Amino acid sequence: MVNPNKLCFGCMKEVREKHDKRCPCCGFDADAYCQSPRCLAMGTILAGKYLLGRVLGEGGFGITYIGLDLNMETVIAIKEYFPVNLVSRDITTSSKDNVIISNGPKEHIFKRGLKRF
175 MVNPNKLCFG CMKEVREKHD KRCPCCGFDA DAYCQSPRCL AMGTILAGKY LLGRVLGEGG
235 FGITYIGLDL NMETVIAIKE YFPVNLVSRD ITTSSKDNVI ISNGPKEHIF KRGLKRF
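So the sequence shown is numbered by this note's numbering: it starts at 175 and just counts up by one.
Some hints could be false.
As the list claims (entries may be wrong) - Once the Cα atoms are required to be at most 20 Å apart in a straight line, the calculated EDC-like pairs of lysine to aspartate or glutamate come out as:
1) Lys180 to Asp243
2) Lys223 to Asp264
3) Lys223 to Glu247
4) Lys195 to Asp205
5) Lys223 to Asp194
6) Lys280 to Asp264
7) Lys180 to Asp205
8) Lys253 to Asp264
9) Lys253 to Glu232
10) Lys187 to Glu247
11) Lys280 to Asp243
12) Lys187 to Asp203
13) Lys180 to Asp203
14) Lys289 to Glu254
15) Lys285 to Glu254
16) Lys253 to Asp243
17) Lys223 to Asp203
18) Lys187 to Asp264
19) Lys223 to Asp205
20) Lys187 to Asp205
Claimed, not checked - Pair ranges (Cβ atoms, derived):
21) Cys200 to Leu288: 29 to 39 Å
22) Asp194 to Lys280: 36 to 46 Å
23) Tyr255 to Cys200: 19 to 29 Å
24) Val176 to Phe291: 34 to 44 Å
25) Asn277 to Asn179: 17 to 27 Å
26) Val189 to Arg212: 42 to 52 Å
27) Asp194 to Arg286: 21 to 31 Å
28) Gly234 to Asn272: 28 to 38 Å
29) Gly287 to Asp203: 33 to 43 Å
30) Asp194 to Pro279: 43 to 53 Å
31) Asp243 to Ser210: 33 to 43 Å
32) Gly287 to Gly231: 28 to 38 Å
33) Arg286 to Lys195: 22 to 32 Å
34) Asp194 to Ile275: 33 to 43 Å
In short, the hints are calculated from the structure, not lab data.
Since we're looking at a predicted model, the values are computed, not measured.
Backbone N, C-alpha and C fix where the C-beta goes; we use that ideal spot for every residue, glycine too.
Required output: the full structure, derived from the provided sequences and hints.
Below, the structure written as structure tokens:
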């Protein structure tokens, strides 16, 4: 079983000690890491089985995170459908259900895109 307190959110390997600043495997420093507020927080658990790490990339229609499948204990990539011109994120809450979808015709476009995603 993975110990999240020793997990590096940069490479998702169980290598860190609490006092370590940088991961000895990949060099990731969570204290120095700065991510966009539109992204989900590192350590977020999705569907009760996927643990999010750092952002790997952001584009016009989505965000890709490094992750860990907690059941399989396998490093994965997690893609979030997040088209910047159709949605925003409420950063006043830590809930993972904080995506705000534009109303009107943009809502239809978002839903159609989500279905295809």
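Going through the hints against the structure:
1. Lys180 to Asp243: Holds - the C-alpha atoms of Asp243 and Lys180 are around 16 Å apart, at most 20 Å.
2. Lys223 to Asp264: Violated - the C-alpha atoms of Asp264 and Lys223 are around 23 Å apart, more than 20 Å.
3. Lys223 to Glu247: holds (10 Å)
4. Lys195 to Asp205: holds (7 Å)
5. Lys223 to Asp194: violated (26 Å)
6. Lys280 to Asp264: holds (18 Å)
7. Lys180 to Asp205: holds (14 Å)
8. Lys253 to Asp264: holds (19 Å)
9. Lys253 to Glu232: OK: Lys253 and Glu232 at ~10 Å, within 20 Å.
10. Lys187 to Glu247: holds (10 Å)
11. Lys280 to Asp243: violated (33 Å)
12. Lys187 to Asp203: holds (13 Å)
13. Lys180 to Asp203: Between Lys180 and Asp203 the Cα gap is close to 13 Å, so the pair holds against 20 Å.
14. Lys289 to Glu254: holds (13 Å)
15. Lys285 to Glu254: This hinted pair holds, its Cα atoms lying about 14 Å apart.
16. Lys253 to Asp243: Holds, at about 13 Å.
17. Lys223 to Asp203: Given pair Lys223, Asp203 is violated - Cα atoms ~24 Å apart, limit 20 Å.
18. Lys187 to Asp264: Judged against 20 Å, a Cα distance of about 30 Å means the pair is violated.
19. Lys223 to Asp205: violated (25 Å)
20. Lys187 to Asp205: Between Lys187 and Asp205 the Cα gap is close to 17 Å, so the pair holds against 20 Å.
21. Cys200 to Leu288: 29 to 39 Å: With Cβ atoms ~32 Å apart, the hint holds.
22. Asp194 to Lys280: 36 to 46 Å: Distance hint for Asp194, Lys280 holds at roughly 45 Å.
23. Tyr255 to Cys200: 19 to 29 Å: holds (27 Å)
24. Val176 to Phe291: 34 to 44 Å: violated (28 Å)
25. Asn277 to Asn179: 17 to 27 Å: Violated: the Cβ-Cβ distance is about 42 Å, outside 17 to 27 Å.
26. Val189 to Arg212: 42 to 52 Å: violated (29 Å)
27. Asp194 to Arg286: 21 to 31 Å: violated (45 Å)
28. Gly234 to Asn272: 28 to 38 Å: violated (20 Å)
29. Gly287 to Asp203: 33 to 43 Å: The hinted range 33 to 43 Å holds for Gly287 and Asp203, with Cβ atoms some 35 Å apart.
30. Asp194 to Pro279: 43 to 53 Å: holds (50 Å)
31. Asp243 to Ser210: 33 to 43 Å: violated (24 Å)
32. Gly287 to Gly231: 28 to 38 Å: Given range 28 to 38 Å: violated, Cβ gap about 18 Å.
33. Arg286 to Lys195: 22 to 32 Å: violated (45 Å)
34. Asp194 to Ile275: 33 to 43 Å: holds (40 Å)
In summary, the numbered hints that this structure violates are 2, 5, 11, 17, 18, 19, 24, 25, 26, 27, 28, 31, 32, 33.
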